[in-house]
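Peer 1: Those protein sequence lines, which keep their order, are chains A and B. In our numbering, each residue's number is its place in the first sequence (first place is 1) plus 105. In our numbering, each residue's number is its place in the second sequence (first place is 1) plus 6.
If you are wondering where the hints come from, they were derived from the structure by calculation, not from laboratory data. Backbone N, C-alpha and C fix where the C-beta goes; we use that ideal spot for every residue, glycine too. The reader is advised that the hints may include incorrect statements.
Unchecked claim - Derived pair list, reagent style DSSO-like, types lysine-lysine, alpha-carbon separation capped at 27 Å:
no., chain 1, residue 1, chain 2, residue 2
1, A, K209, A, K173
2, A, K163, A, K209
3, A, K127, A, K173
4, B, K20, B, K70
5, A, K209, B, K47
6, A, K162, A, K127
7, A, K176, A, K162
8, A, K127, A, K142
9, B, K20, B, K47
10, A, K147, B, K26
11, A, K173, A, K162
12, B, K20, B, K72
13, A, K209, B, K70
14, A, K147, A, K163
15, B, K72, A, K209
16, B, K47, A, K176
17, B, K72, A, K147
18, A, K176, A, K142
19, A, K127, A, K209
20, A, K147, B, K70
21, B, K70, B, K26
22, A, K142, A, K209
23, A, K173, A, K142
24, A, K147, B, K20
25, A, K127, B, K47
26, A, K163, A, K127
27, B, K47, A, K142
28, A, K147, B, K47
29, A, K176, A, K209
Stated by the list, open to error - Simulated restraints on C-beta separations:
no., chain 1, residue 1, chain 2, residue 2, range
30, B, E93, A, G146, 17 to 23 Å
31, B, T120, A, R166, 34 to 40 Å
32, B, Q48, A, V159, 28 to 34 Å
33, B, E93, A, T115, 25 to 31 Å
34, B, V9, A, S131, 29 to 35 Å
35, A, V159, B, T120, 29 to 35 Å
36, B, S21, A, G121, 49 to 55 Å
37, A, T203, B, F45, 32 to 38 Å
38, A, R166, B, V9, 20 to 26 Å
39, A, K176, B, C19, 38 to 44 Å
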Amino acid sequence: GENVEQHPSTLSVQEGDSAVIKCTYSDSASNYFPWYKQELGKGPQLIIDIRSNVGEKKDQRIAVTLNKTAKHFSLHITETQPEDSAVYFCAASLEAGTALIFGKGTTLSVSS
Amino acid sequence: GAVVSQHPSWVICKSGTSVKIECRSLDFQATTMFWYRQFPKQSLMLMATSNEGSKATYEQGVEKDKFLINHASLTLSTLTVTSAHPEDSSFYICSARDSGATDTQYFGPGTRLTVL
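Chain B extracted, bound-state conformation (with noise of 0.2 Å):
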């Protein structure tokens, strides 16, 4: 089937910084790609939709000054947490569509983000 990756796994930073997550669709062409972000035992919340060449939509309550989105190509998106704080320490999730056949989203394994 079709792979995500995701980079960095696990990061821990200090308050104050900046971190970025990579979201790679290692087999398929993505013209969108969405990014998540998911709690402790709790559901994931969709942040925003990013699409190849444009402006990223986010959804409402979501800061996009604060969590910046690339998609510069069809195979990458990236999603940057500017002046990170313990809040923003969660489990971050990106999807891919695969807009072939099945038109099937495809999950990354995931990125813990710990701010301390």
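So that you can see chain A by itself, here it is in the shape it has in the complex (with noise of 0.2 Å):
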């Protein structure tokens, strides 16, 4: 089945600075990767998602890049804001709407 490795853990930048969270993932045949944004005691939010067909996407701060070829996807984000710590998620599946493979999530926080 599909593994997904995502990485750091953690990240601490200053406010300003961009933050680049990294995911791989095992399974060829996965179409679709979305990114989460979960604060404390709260459901995942989706901030931004690519498909296979496309290499990249982006959304004001946020950007997205994906090399099928090497099966790894990254999260940039840009200008950081203290509002944007909280846990990110990468995920995988066959497909928009499908079952989602979670990374074990990446913590960010953001020093003013």
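With the hints as a guide, dock the two chains, each given alone in a separate frame, to form the complex.
Peer 2: In structure tokens, the structure reads:
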């Protein structure tokens, strides 16, 4: 089955810096890769996703890149703000709407 | 955006009792819903996939007789933890598939279960 590895497990940055979180997956059949932000005691919130027919997608300060050949994808957050502090999860699935396999999460801390 | 609710948000029960958790899609129909379990400071682990009108598909290692799932309508799925024990204490999160334009999965806010 699919296995998703996520690094780093913790990441501390200064406000205004960029943050990068990387994930690798094992199943070449996976075609959908979402990123979720989870705040303490709450459910995950989708922040951006990418499908396998696209190499990069951007939404304001957030971008995701996908390298299908190498089976890895990354989340890039620019101009970080304290409110970006949370746990971020990457996930993979065969296609959008199917069961997700999650990475172990990255705790991002943005200090002002 | 699409909203998924869960009820209750937290519950405390005694060992041996059963607890039902509801997951509702508020502004879209969800033919498929998913149930995840999350231990403190850990990732989400898929428990089962619930399809409206049919039996749930459970992941390996998840006891279907202990975690009863019912998806009776296009907006409601329920998870019942039967004969709960302290090791069942966890954060249970559902998600619902919006099979409209985007096929996006939206997550509920989660239910914190504590079994004494």
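Peer 1: Against the structure shown, which of the earlier numbered hints fail to hold, in ascending order?
Peer 2: Violated: hints 35, 37.
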